[in-house]
Amino acid sequence: MERELCLSVCVIQLWMESATRKLQGDTRAASLLQLKGEGGGLVVLLHDAASRETRKRSSERPAHRGDRGIIIMSAIRKQLSFQILLLFISCRNINTKTLGATAPPLDPTAPLQKLERSYVLKGDSHTEKVELLNPVSLVLMCTWTGSQNKPTNITGFWSKDGKEIENSRVTVQLENKQYNLKRTFSIASEADLGSYSCDFGGEAKINFVLAVPQMGDERDKPIVSYLGDSVVVPCKLDDSKPTPNTWNWYRANETGKEQIIAGQKFSIKNDEKKTKLVIHDLTADDSGLYYCGAVYGVGITMGRVELKVISFFEPLKPFIAILVEVIILVAAILLYEKSRSKKDYTAAGNGATDQTNTLSSGENNGPEESSSMRQRKV
Amino acid sequence: MILKLVISEWEPSLIHSHQGDTKEGCRDKRSAETLNERIMSPAPADPLEYKPLDGGWGWMVVIGAHISIGFAYATPKVLSIFFNEIQQDLGSSFSEIALISSIMLAAMYAGGPVSSAMVNRFGSRPIVMLGGLLCGVSMITASFGTSIIYLYFCIGVIGGCGLSLNLNASLIIISKYFLKRRPLANGLAMAGSPVFLCVLAPFNQYLLVNFGWRGSLLILGGLMLHCCVAGALMRPVPLPCKPPSYALEKTVEEQPNSGNTKLKKRFVKNAKKFLDFSLFKDRGFVIYLIGSIMFIFGAYAPIVFLSAYAKSQGVEEYSAAYLLSIMGFVDMFVRPGTGLIANSKLVRPRIQYFFSFALVFNGTCHLLCPLIKSYAFLVVYAVFFGIGFGMVFALIFECLMDLMGSQRFPRAVGLVTIIECFPMLLGPPAAGLLVDVYHDYKYLFLMCGSVILTGGLFLFVMNIYNYHMLDKERQKQVRASEVEMKLTPQAGTGQTEPEAKERNVALRDPENTETTD
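In the order they appear, the protein sequences are chains A and B.
Its first residue numbered 1, the first sequence is counted upward by one per residue in this note's numbering.
Its first residue numbered 1, the second sequence is counted upward by one per residue in this note's numbering.
If you're looking for bench data, these hints aren't it; they were derived computationally from the structure.
Be aware that a few hints might be false.
To be verified - Straight-line C-alpha distance at most 25 Å; calculated SDA-like pairs for lysine to any residue:
1. A:221 / B:92
2. A:236 / A:258
3. A:221 / B:321
4. A:205 / A:162
5. A:338 / B:133
6. A:308 / B:60
7. A:276 / B:133
8. A:276 / B:87
9. A:221 / B:308
10. A:308 / B:208
11. A:221 / B:55
12. A:221 / B:145
13. B:442 / B:383
14. A:317 / B:89
15. A:221 / B:318
16. A:236 / B:146
17. A:308 / B:147
18. A:317 / B:321
19. A:236 / B:308
20. A:342 / B:92
21. A:274 / A:311
22. A:269 / A:342
23. A:221 / B:210
24. A:221 / B:94
25. A:269 / A:243
26. A:221 / B:133
27. A:343 / B:55
Since we're looking at a predicted model, the values are computed, not measured.
Let the hints inform the model, and build the full structure from the sequences given.
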């Protein structure tokens, strides 16, 4: 629908443009945009290509805007070409917009869910996080209370990921001591996610960070397991986050990530907000990075787990070292005692027997012949 | 002159006893000499026994006991570091895994009487070495485990038994080696628990990251074999010569001395005797038991819930875990310090009051905790908690030794540990129940604090009564023995009242002296 409208308008524009070759470049049109605040009304009118409703809304809205636009068109002939160029630019924007959106919208016939996010800024800047699960039509509204001096008009524009969105510059008028910027975005795929900012004349900025729900704390320590053993690699989403549609597991290799398919070696157990990858018959090659992806409508959020496979000899070496040390210490202590008692024996004849008794079970009240003999053998 | 009287009394009996002893038994001259010098010493523990070393090789024994006790108390706690990994690999729930620690602690405490019986039979050294072997074997076999039941058995049962052997044998040998400096020795030995906790916790983390839980258990098993080294240090004390009646009794029993069946029968008899309920007739013992039950009931719950409470007050996770480390660190220094204070001339004769003071301090600390909201004050609380906890644990076995004397201590400690098993297992779940019902941690602290405080006050009051009764009895004996022209007791020489009482009773009437078998 929108495309058709756009095309028809474009045709008119081209025709008009051929008649007015004086105009050059978008920049002048941009500057004209500044002069004519009402131009924004027209732009909004056409930009709202998302649904019929919003279009109606914009036309229903300050009706005087649309009227003004028409009045201007009719009133000032010279400016007609400018206006048409305006349409041309906006049309181009629409084109890029519709093309730039997801290659195939999930369901072209079903209307996208609507979501509104707004923020009133009092200071210099602010960042707001927006968690998205499924494709939405997102309306972002920015309100700024203004700085010390409040000029009547300032330039506002939108940018995505730091780069200014084309033709998003508008002149914002001071209404009720506030500046308002509003724009609708169609978020349908991972490419549409990112950081959207509305900028008020370079003085104030509100960032909206659009993202899928992120994984919680990532394990920075690797899971260690042994050759031939089987290991369970878990991944968990925070309870506060919404349940993903499904989970995928990926293995990191030279070219990026490749998806793991369940089979004999791997089995995947999904349980709403948790997932487990079970790897059987570990080999040294299985060491490395594994990624679990929680799949939402609009994107996939990744978690990272590292697996380390070691052979059983690795802990065995320190263990044997400790064992040897313990045996040496025990032998040393017992030998020292025996040598000391022998010295005493040779030193004082009878009295020495008391010392040799130290090797027997001395603490009980009556020594057993057998037990003391046992001890002496030690 | 008085001493000569005593010796002349003993000499004929010595000759008699020599007949019943083994070939290498004590010789006349030597034993007489040793007894002589022993009686001359200011504070003999028991006329039936020898003079405790109170130094020399005794300090090596303290090191051995330190290692042994350290492993005994620290291992169940540090194993929890592995639980997350084990839980994932074996696929069981967290409560099932946490049961391993509980089984280990329960086995450690319940094995007390058996351990005491074995120590009395074989001496500390073989028992501690056996305990160390058992612990090592338990960890090594556990590293191959594939099911949770297997782990329950290996770590829980076998490991717990090994630790119980270690614990009791270490305590008993300290009571044999020390008398004058016993509180200090106890404090130093019990300090093993926080030291090993502070060392093993980060070490276990390191092992886990590098070797996984199986390799870590294997290496931990190797470390626990150091208990065998500790056992090697526990040289048995010199064999004492027994007075006639006692020895005659023994010889009658032991003369038909052949074959394993006799050994077994005697062992069974010993085992029965070590759940000796006649100890309950001792007033001091019952008072001590009630006090320590109340303490143990309230002692462990705050530790378990401290970091959860801190998190609920808005402290972040690492800082909350840090609180426990602070507590452990303070504990490390407080235990020997308390031992030193308890050893002083001022405190030693009335050490039971010091113990009750420590309990009251601990209880008050917990009662004040709910008022704390900020992290800085939580740190202060952790410090005071560490001080209180360390004081109580440094004294808990010292007081029992003080009450029982080294002869009865093995049986007493076995009985006390098996009875303490119940409050220890019931305390934290009861506290947890309070938290679940009221959704507020303050009731937990109030309960624990009030229980411990009541225990402390009970001990204090009852000990006033006990010391008063002991004084009265002592005066009666003094009068009686003066009449019979016997020794007057030496008071205020650092020996404790019950031991003086024992000594007098023994001197007056050897036949009625308490026997250990």
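Evaluated hints:
1. Only pairs whose Cα atoms come within 25 Å are accepted, and residue 221 of chain A paired with residue 92 of chain B is accepted, the gap being roughly 22 Å.
2. Distance hint between residue 236 of chain A and residue 258 of chain A is fulfilled; the C-alpha atoms sit about 20 Å from each other, no more than 25 Å.
3. With a C-alpha separation of about 19 Å, the suggested pairing of residue 221 of chain A with residue 321 of chain B holds against the 25 Å cut-off.
4. Of the supplied pair hints, the one linking residue 205 of chain A and residue 162 of chain A holds, its CA atoms being roughly 11 Å apart against a limit of 25 Å.
5. A distance of roughly 22 Å separates the Cα atoms of residue 338 of chain A and residue 133 of chain B; the hinted pair therefore holds under the 25 Å criterion.
6. This hinted pair does not check out: residue 308 of chain A and residue 60 of chain B have alpha carbons roughly 43 Å apart, beyond 25 Å.
7. Restraint check for residue 276 of chain A and residue 133 of chain B: not satisfied, since their Cα atoms lie roughly 38 Å apart, outside the 25 Å limit.
8. With a C-alpha separation of about 13 Å, the suggested pairing of residue 276 of chain A with residue 87 of chain B holds against the 25 Å cut-off.
9. Our distance criterion of 25 Å between C-alpha atoms is met by residue 221 of chain A and residue 308 of chain B, whose separation comes to about 24 Å.
10. Taking the CA atoms of residue 308 of chain A and residue 208 of chain B, the gap is near 12 Å; set against the 25 Å cutoff, the hint holds.
11. A hinted pair counts as satisfied when its Cα atoms are at most 25 Å apart, and residue 221 of chain A with residue 55 of chain B does not qualify at roughly 48 Å.
12. For the hint linking residue 221 of chain A to residue 145 of chain B, the alpha-carbon distance of about 23 Å falls within 25 Å, and the restraint holds.
13. Among the hinted pairs, residue 442 of chain B with residue 383 of chain B is consistent with the structure: their alpha-carbon atoms are about 19 Å apart, no more than 25 Å.
14. For the hint pairing residue 317 of chain A with residue 89 of chain B, the CA-to-CA distance comes to about 24 Å; that is within 25 Å, so the pair holds.
15. At roughly 16 Å between alpha-carbon atoms, residue 221 of chain A and residue 318 of chain B fall within 25 Å of each other, so this suggested pair holds.
16. Straight-line distance between C-alpha atoms of residue 236 of chain A and residue 146 of chain B comes to about 24 Å, which keeps the hinted pair within the 25 Å bound.
17. For the proposed pair residue 308 of chain A and residue 147 of chain B, the alpha carbon gap of about 22 Å is at most 25 Å, so the pair holds.
18. A threshold of 25 Å between alpha carbons decides the hint, and for residue 317 of chain A with residue 321 of chain B the separation of about 32 Å lies outside it, so the pair is violated.
19. Of the supplied pair hints, the one linking residue 236 of chain A and residue 308 of chain B holds, its CA atoms being roughly 22 Å apart against a limit of 25 Å.
20. Distance hint between residue 342 of chain A and residue 92 of chain B is unfulfilled; the C-alpha atoms sit about 57 Å from each other, more than 25 Å.
21. As the CA atoms of residue 274 of chain A and residue 311 of chain A are separated by approximately 29 Å, the hinted pair breaks the 25 Å bound.
22. Restraint check: the Cα-Cα separation between residue 269 of chain A and residue 342 of chain A comes to about 68 Å, which exceeds 25 Å; the hinted pair is violated.
23. For the suggested pair residue 221 of chain A and residue 210 of chain B, the alpha carbons sit about 9 Å apart, so the restraint of at most 25 Å is met.
24. For the hint linking residue 221 of chain A to residue 94 of chain B, the alpha-carbon distance of about 20 Å falls within 25 Å, and the restraint holds.
25. For a cut-off of 25 Å, the pair hint linking residue 269 of chain A to residue 243 of chain A stands: about 15 Å separates their Cα positions.
26. A hinted pair counts as satisfied when its Cα atoms are at most 25 Å apart, and residue 221 of chain A with residue 133 of chain B does not qualify at roughly 32 Å.
27. Between the alpha carbons of residue 343 of chain A and residue 55 of chain B the distance comes to roughly 21 Å, so the proposed pair stays at or under 25 Å and holds.
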